[in-house]
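Chain D is already provided as a structure; the job is to place chain X on it using the hints.
So the sequences go chain by chain: D and X.
Going by my numbering, the first sequence opens with residue 1, and the numbers climb by one from there.
Going by my numbering, the second sequence opens with residue 1001, and the numbers climb by one from there.
The set of hints was computed from the structure by calculation and includes no laboratory data.
Incorrect hints may have been included.
Derived lysine-lysine pairs resembling PhoX-like cross-links, with alpha carbons at most 25 Å apart [unchecked claim]: (1) D:Lys71 <-> D:Lys183; (2) D:Lys385 <-> X:Lys1071; (3) X:Lys1159 <-> X:Lys1116; (4) X:Lys1116 <-> D:Lys306; (5) D:Lys385 <-> X:Lys1159; (6) D:Lys183 <-> D:Lys66; (7) X:Lys1079 <-> X:Lys1159; (8) D:Lys306 <-> X:Lys1071; (9) D:Lys306 <-> X:Lys1079; (10) D:Lys21 <-> X:Lys1134; (11) X:Lys1174 <-> X:Lys1189; (12) D:Lys385 <-> X:Lys1056.
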Amino acid sequence: MEKSVSSPFIRFLLLNFFSEKSKQVTVILFSIIIIFILSSVLFISSSIHHSIKEALQAQPDFVIQKMRGDKQIDISERVSDELIEIPSISKVTPRVYGRYFIKPLGKSFLVVGVDFFDVQSHRALEKLIDSTNLNNFFKMRDNMIIGRGVKRWMDANHYDNNLTFFTPKGKSITLKAFSTLPKESALVSADMIIVPIDTARKILGVSKRKVTDFVFNVPNVLEWEIVTIKVSALDYDLRVINKKESYKAYSEYFDFKGGFFLSMFLIVLVSFSLILYQRYSQLYSIERRQIGILRALGWSIRDTLKLKFFEALLVVFISYAIGVLLGYIFVYIFDAPILKNIFLGSFNIEIEPTFTPVVDIFLLSSIFLLYALPFIASVLIPVWKIATTNPKEAMV
Amino acid sequence: MIELIELNRYYDTQRERFYALKDINLTINRGEFVLLNGVSGSGKTTLLTLIAGMDKPNSGIVIIEGEPIIKLPDQHLSKFRNQHIGIIFQHYNLLENLSVYDNVATPLIPMRLSLKEIDKRVKESLEIANISHKASSLASSLSGGEKQRTAIARALVTKASIILCDEPTANLDKANREIFLKILERLHKLNKTIIVSTHDPIFNDLDYITKIVHIVDGKIAK
Chain D
1 MEKSVSSPFI RFLLLNFFSE KSKQVTVILF SIIIIFILSS VLFISSSIHH SIKEALQAQP
61 DFVIQKMRGD KQIDISERVS DELIEIPSIS KVTPRVYGRY FIKPLGKSFL VVGVDFFDVQ
121 SHRALEKLID STNLNNFFKM RDNMIIGRGV KRWMDANHYD NNLTFFTPKG KSITLKAFST
181 LPKESALVSA DMIIVPIDTA RKILGVSKRK VTDFVFNVPN VLEWEIVTIK VSALDYDLRV
241 INKKESYKAY SEYFDFKGGF FLSMFLIVLV SFSLILYQRY SQLYSIERRQ IGILRALGWS
301 IRDTLKLKFF EALLVVFISY AIGVLLGYIF VYIFDAPILK NIFLGSFNIE IEPTFTPVVD
361 IFLLSSIFLL YALPFIASVL IPVWKIATTN PKEAMV
Chain X
1001 MIELIELNRY YDTQRERFYA LKDINLTINR GEFVLLNGVS GSGKTTLLTL IAGMDKPNSG
1061 IVIIEGEPII KLPDQHLSKF RNQHIGIIFQ HYNLLENLSV YDNVATPLIP MRLSLKEIDK
1121 RVKESLEIAN ISHKASSLAS SLSGGEKQRT AIARALVTKA SIILCDEPTA NLDKANREIF
1181 LKILERLHKL NKTIIVSTHD PIFNDLDYIT KIVHIVDGKI AK
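If we strip away everything but chain D, and leave its shape as in the complex, we get (with noise of 0.2 Å):
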């Protein structure tokens, strides 16, 4: 190290700090293990938001329902003869889905009804299933397609391929799982049934000429407001929401349900507690003896912050890139096992979702300063406070 270095400074504070072994060791321990959870909580929920928005993407920009009395109900076909004569919507595409309750088992699945016809269902299906294998779903009436924590559930239940359905007027529906969604979309799909729209109608109990919704996209997001206040003159009791609104909802939902506040609460209750637990336990009269060493010697109060500021941000750096991978590793290769508990445990069946990794530089600096600057500022506080009193009585 000494002749590696050629900063008599950078020296003293490399010897100073690898020579406090196991001081050192203690605090970047501790500091990985924050950063650690603090990264690996970060890296969830930015991936979630992440997949939120991809699989909004696909999603029509406009869905319209009709309430009554705070309820969804069923809306007529015609309904979308009155939409299409707004201009900026050219193309409307009526949707049938809804829960299906196992109440035995108090499970529930999404129930999606697809039209072979409709193109735009066609293209959304297709970027989660290879299109030869849907050609060949479509021709087989009695299929159905299924989110992976479907399959998990029907596997744990014995159901080998096969589920029955009863309908509202009580006869069976029993369908064939013909595939299974991908792992990565299953954040969204874990729980969907994806059925030809005859048999959605069937399984729901929604007549012929009723559906559940309509979508419809409008590229250009200034027509959205205008186009949000003409659908609802048309009738008052019709619901439009736009993808904007329903990435909101979503986020609010993981951000909220997922504890993410709570968890960054916590995470920062810890480290205050347990950094001023280390600056003034026994390592702290060490540290104020040095201090008053090195004021004693003329060393200014400036040189004393300065070394000290640098080997808080040492151990600051160590432990920032020890725990930043470790986070990463355990998020995205190992799907961070218990921790995604927090933001994925209210599900009513067991999801298993595959994290995309999503790293930006906002987020690396949010993780950094949202430890940083507490570590850094409970190292020199007390320093400062030491170094500005009579070096004879820091010493003693």
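Relative to chain D, chain X alone:
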């Protein structure tokens, strides 16, 4: 030259004002060897601390080499202390986790010297203090005498003209005391101003002492 004019240092308690030093007037010329005598608690260490600029008097002035050091801001006062004053403490006050070499080099860090210059100065000081053979040893592994010599080397390394010693022989055996005195004599010959605060009688018979100051209850005895 060191001038102390009307120096007072007191501490207020709830009941009374306690004077650690009262009405101190003292002039020490360059190259003098001054002995501050007095029992424990008489105020010797407080006087050394004020000369070193590590504490400030409640009233009075400390002038060193024509500079009223009390009025200097921290940045300048620290630099002044670093360049002009070397201190040898009773309990050595070494950085125990660093080697003898690095302890001696510590006061040179704020001086922004090159590593080569630092190396030269440290080796010279280790030689004068007769501790070169322990340069790479950890301070924590040294005996009392070796720690004392390391502290001497550290006080010399900045080429300070003033050396302050606070009860330097209090923790040394007879052999190490004699070694220490020989080093002090050598420093005196180098025209350093040396101020020793002690109540050890071994200093009383030294023929190179130029001034003995008796301090009793914070005052200089006539």
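Here's how the hints hold up against the structure:
no.	hint	verdict
1	D:Lys71 <-> D:Lys183	violated (32 Å)
2	D:Lys385 <-> X:Lys1071	holds (21 Å)
3	X:Lys1159 <-> X:Lys1116	holds (16 Å)
4	X:Lys1116 <-> D:Lys306	holds (23 Å)
5	D:Lys385 <-> X:Lys1159	violated (30 Å)
6	D:Lys183 <-> D:Lys66	violated (33 Å)
7	X:Lys1079 <-> X:Lys1159	holds (13 Å)
8	D:Lys306 <-> X:Lys1071	holds (24 Å)
9	D:Lys306 <-> X:Lys1079	holds (16 Å)
10	D:Lys21 <-> X:Lys1134	holds (22 Å)
11	X:Lys1174 <-> X:Lys1189	holds (23 Å)
12	D:Lys385 <-> X:Lys1056	holds (17 Å)
Hint compliance for this structure: hints 1, 5, 6 are broken, all remaining hints hold.
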